[in-house]
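Spelled out, the chains give:
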Amino acid sequence: MSKSAVDVPPMGGFNFDLCRRNDMLAKKGVNPPSFRKTGTTIVGIVFQDGIILGADTRATEGPIVCDKNCEKIHYMAPNIYCCGAGTAADTEAVTDMVSSQLQLHRYHTGRESRVITALTLLKKHLFNYQGYVSAALVLGGVDCTGPHLHTIYPHGSTDTLPFATMGSGSLAAMAIFESKYREGLNRDEGIKLVCEAICSGVFNDLGSGSNVDVCVITKGHKEYLRNHMLPNPRTYISSRGYTFPKKTEVLITKITPLKDKEVVIEGGDAMEE
Amino acid sequence: MGDSQYSFSLTTFSPSGKLVQIEHALTAVGSGQTSLGIKAANGVVIATEKKLPSILVDETSVQKIQILTPNIGVVYSGMGPDFRVLVRKSRKQAEQYHRLYKEPIPVTQLVRETAAVMQEFTQSGGVRPFGVSLLVAGYDDKGPQLYQVDPSGSYFSWKASAMGKNVSNAKTFLEKRYTDDMELDDAVHTAILTLKEGFEGQISGKNIEIGIIGADKKFRVLTSAEIDDYLAEVE
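Going line by line, the protein sequences match chains C and U.
Just so we're aligned, residue 891 is where the first sequence starts under our numbering, counting upward by one.
Just so we're aligned, residue 1471 is where the second sequence starts under our numbering, counting upward by one.
Fair warning: there could be bad hints in the mix.
[What the hints assert, rightly or not] Okay, derived cross-link-like pairs now, DSSO-like style, lysine-lysine, Cα gap no bigger than 30 Å in a straight line: (1) C/Lys958 to U/Lys1572; (2) C/Lys1014 to U/Lys1688; (3) C/Lys1109 to U/Lys1688; (4) C/Lys1112 to U/Lys1562; (5) U/Lys1562 to C/Lys1109.
[Stated by the list, open to error] Across the chosen pairs, the derived CB separations fall in these ranges: (6) C/Asn959 to U/Thr1649: 48 to 54 Å; (7) C/Ser990 to U/Glu1645: 24 to 30 Å; (8) C/Pro1052 to U/Ser1477: 26 to 32 Å.
FYI, nobody ran anything at the bench for these hints, they're computed from the structure.
Glycine included, each C-beta is placed from N, C-alpha and C at the ideal position.
Taking the hints into account, I'd like the entire structure generated from these sequences.
The structure is reproduced here in structure tokens:
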């Protein structure tokens, strides 16, 4: 396509310039990317004393909200927690399995689990299943080597980041982080930032909603703040209760039995020939 | 097991109806270091001698009493390496139970599964029985429990038991000293006294190991400092 030398000022409405190109690409076999909503906002940040993880609490089945207050922050080890986006069964099963493996590892080594161990166990499993285990995770914890925050994608790739978001609301949450995150946040600032990011997902993404769960992990201590914020309370309950007046008046009552009742006497005289 | 040249079992019956390999395994246990366990009214204590082959061995690296789950611990008499294998298998079984039922494994279940493993090795091709007897101490919903598991795979629940070198003296001592309403601290003292009976040399926090589990249902191994405190009380 030749570039025009003159810059034409943009006109209102849609720009259909690329439609012919897209058509040509589709004919060649290159299809436009499909959208896969994982219906969640999960985030994590590194703050001065450790890690803060956050998640919304909405579970969806297509367009329906099936659970208004589900738990998306899963326990992995006393010092490691994992937020899960994607298919709920996959995230729960995979975090449960790796949590079990970490426990056995702790017994055998006699040491606290490291975040990188959890990371490697998870990514190995997910890669093995070539992305069919649809679990996108934000893994965070504090171990003897310091605080760590990782994201894990369903195909098994990982990133190590100071702040991370996953799920369908990740763009809304990342927008908040990109503008407001800085190093060396203290605990209250960190929790406030995480809540803001989750709320941004809750209010702007259809796949995320309801309440905000927060988990703060520091060296030797963890706090799971379940339903730390409830920005979506039920406000429509009438305190007087609801009365439903009877719409149809009963005028007469007549019962007609469908069958005549027959009385059967048992143990009577047998019929004699 | 059973797919190698040794698809026949090495543990076979003798004409008198005994499994000689298991008898020999019990002999191996009997020549191991003394260990004992006592079930108190509000907990269980297990203890063992920790005699190292030389003073050059770093005794902090050796731990004979092992934890299987947060509320179950185990000690052995006999061959250390066999014990390691059993501990590994038991921990895995306990974890699998927890994965499946989301409840901590009851002591009886874990003992049963461990005993099943030990029995397998008496009836499989090409393997020998384990040369250890285990004392499993746990505290679950049914209260404090103490089980002894033998190389044959048989297990019994005991109020107090001993195994290893000094077993007959230790058991006699325990029979005399045991009372049903013992508290955990009394049980620890009794355990120390029983170990002292047959101990060669000077007993201290460095050459015995004690593990306890109380009503808090948390099994833990006492530090050598704590053992020294108990020893001082006993003197």
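Hints versus structure:
no.	hint	in the structure
1	C/Lys958 to U/Lys1572	holds (24 Å)
2	C/Lys1014 to U/Lys1688	violated (33 Å)
3	C/Lys1109 to U/Lys1688	holds (23 Å)
4	C/Lys1112 to U/Lys1562	holds (27 Å)
5	U/Lys1562 to C/Lys1109	holds (28 Å)
6	C/Asn959 to U/Thr1649: 48 to 54 Å	holds (53 Å)
7	C/Ser990 to U/Glu1645: 24 to 30 Å	violated (42 Å)
8	C/Pro1052 to U/Ser1477: 26 to 32 Å	violated (59 Å)
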